[in-house]
Amino acid sequence: DSGVTQTPKHLITATGQRVTLRCSPRSGDLSVYWYQQSLDQGLQFLIQYYNGEERAKGNILERFSAQQFPDLHSELNLSSLELGDSALYFCASSDHDRTTSYEQYFGPGTRLTVT
Amino acid sequence: AQSVTQPDIHITVSEGASLELRCNYSYGATPYLFWYVQSPGQGLQLLLKYFSGDTLVQGIKGFEAEFKRSQSSFNLRKPSVHWSDAAEYFCAVDSGGGADGLTFGKGTHLIIQP
Chain A
1 DSGVTQTPKH LITATGQRVT LRCSPRSGDL SVYWYQQSLD QGLQFLIQYY NGEERAKGNI
61 LERFSAQQFP DLHSELNLSS LELGDSALYF CASSDHDRTT SYEQYFGPGT RLTVT
Chain B
1001 AQSVTQPDIH ITVSEGASLE LRCNYSYGAT PYLFWYVQSP GQGLQLLLKY FSGDTLVQGI
1061 KGFEAEFKRS QSSFNLRKPS VHWSDAAEYF CAVDSGGGAD GLTFGKGTHL IIQP
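Read top to bottom, the protein sequences are chains A and B.
Taking the working numbering, the leading residue of the first sequence gets 1, the next gets one more, and so forth.
Taking the working numbering, the leading residue of the second sequence gets 1001, the next gets one more, and so forth.
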C-alpha cells in the first residue's frame, strides 16, 4: 500500500459527459501528479500540482483540468468525454524536498470506461 | 525532450533463471532513473531508483539495476526469478526533479514459465 488513495476505482460513463476523479496523497506529500495509461499511448504525464499551485503540464487535453485543495487532495476533471478517453488514470504523490530521495508513489488508479 | 526506450515488449523466462530487462534513455545530463512494476489490476510500485553515486543500485524483491552513462542505459536484473515476478515493468526518467513528471517507457511484459 503506497498510502495514495484514489476514488472511484471504476467509472463507466457515456460520451459527452463529465467526470471527476479524486486523489488523496500520502501524508505530508505536497506534490500530486496525474497520469493516464492507455493501450495506445502508454503511461503519460498529464499535470502536476505542488501545494495548491499548478507546477507542470504534460500531455493534458484542454477538456481536462485539475486542482489541488488546501487539504492537499486533488481532483482531475474530464469533460466532453470521448471513447478515446477510456483509460486508467493514476495519481502519484511525492515529497517536495528534492534533497531527499525523490520518488513518486502511485495510487491504485481509476479505470474510466467511456461508452 | 527526454525519452525512454524499452526494446523488449515481451520477455519469457523460466522460473529460477536470471533476468535482464533493458532500458535506454535519451537526455543530455544525468537524469533520475526509476524502475516500476505493475501487477495486473494494480498500481505502480517502485522497485529502485538511481540519482547519483554508485552506478549499481539495489531495490526491493531482489532486483538490481546498473546505470551506464556511456550506453545511456539502466538495465534491470534479477539473478533468479519467481513466478510472482510476472508483471509489467516500466523504466522511467525524471529530468527535472518533478518539473515535468516522469517519462515512461512502453513497458516490458514479463512471463514466467514453470
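Please keep in mind that the hints were generated in silico from the structure rather than gathered at the bench.
Among the clues, some could well be false.
No more than 30 Å apart at the CA atoms, straight line, and that leaves these computed lysine-lysine pairs for BS3-like [to be verified]:
# : chain 1 : residue 1 : chain 2 : residue 2
1 : B       : Lys-1068  : B       : Lys-1106
2 : A       : Lys-57    : B       : Lys-1061
3 : A       : Lys-57    : B       : Lys-1049
4 : B       : Lys-1049  : B       : Lys-1061
5 : A       : Lys-9     : B       : Lys-1061
6 : A       : Lys-9     : B       : Lys-1068
Hint check against the structure, violated hint numbers in rising order: Checked against the structure, the hints that fail are numbers 2 and 6, while the rest are satisfied.
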